[in-house]
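J.: Listed below, chain by chain, are the residues.
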Amino acid sequence: MTAPAPVIEPDVDEAAHDDRPWQLVVWDDPVNTIPYVIFVFRKLFGYSKKKATELTMQVHHEGRSMVSDGPREKVEAECYQLHAYGLWATIEQS
Amino acid sequence: MDSQITATEDGRIALSFHRAEIVFLGEMVEMLEGMGDVEDDPGAARLNVPAYLGNAEAADEFRNVMEGEMKEGRDNDRKILLDVLASDPPALVGHEQALGILRVVNEARLVLAARLGIEVESDYEALDVEGAIALHYLGLLIEDLTYELSRLL
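In the order they appear, the protein sequences are chains V and Z.
Per the numbering used here, residue 1 is the first one in the first sequence, and the count goes up by one each step.
Per the numbering used here, residue 95 is the first one in the second sequence, and the count goes up by one each step.
Everything labelled a hint here was simulated from the structure, so no lab data went into it.
From a predicted model like this one, the values you see are computed outputs, not experimental measurements.
Keep in mind that the hints are not guaranteed to be accurate.
Claimed, not checked - Stretch-level coverage of chain Z by chain V, calculated; a stretch enters the list once three of its residues show a Cβ under 8 Å from a Cβ in chain V:
1. 144-150
2. 181-191
3. 205-213
Even for Gly, the Cβ is constructed at its ideal location relative to N, Cα and C.
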């Protein structure tokens, strides 16, 4: 007999009081090329070439860049897309 | 590199590959399909980076929710590339299919680099010739695809 799946109860108090925005961070890596990352930012976020380039160069020079923010569900969906394109992206709260 | 990749006037991408490239890219797809577990394959680990740092529970939950769709998407991308490799050149693909080819070629480069131990820029200097050529070729292919797809944005 299969054991019932554990039910994860949300921490209501924590969720209710922690409304800090979620941020999507892209990290530098030595394999993805700069033109590729610029293209992905333009394609996924609709950023101008100028903004996509600025963010990409920030990733390259500073090691990371916050490329998007908003509600957790939105940021998680964007993180999934970046992972699908092979970018090293993580989610954090500001 | 002998491949030719060009955006057409109707918004599609035309791709032609030399025989040796077809063989190599086919091997890359085989490599991706034969990946091991995250725990013991650096290539698999690179493709499955945690979405949350310092929060293993949230990272695991994210992976559990997304991994089915991610696998389906990656399988589909590989099929698109294999279909192109099996086509008479030039193969004409739509924008979304070309994005799939871009993703799978980049995926192959990431996995190969991870398995070759590329963690920082200076690691490239220690590559053997075969590894360096493979990464260079895939990089050129990504560059060409990115350039042509950028013209369609």
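J.: Does each hint hold? Answer for all of them.
T.: For each hint, the structure was consulted:
1. 144-150: Per the Cβ count (4), the hint holds.
2. 181-191: violated (count 0)
3. 205-213: holds (count 4)
Of the numbered hints stated above, the single one contradicted by the structure is hint 2.
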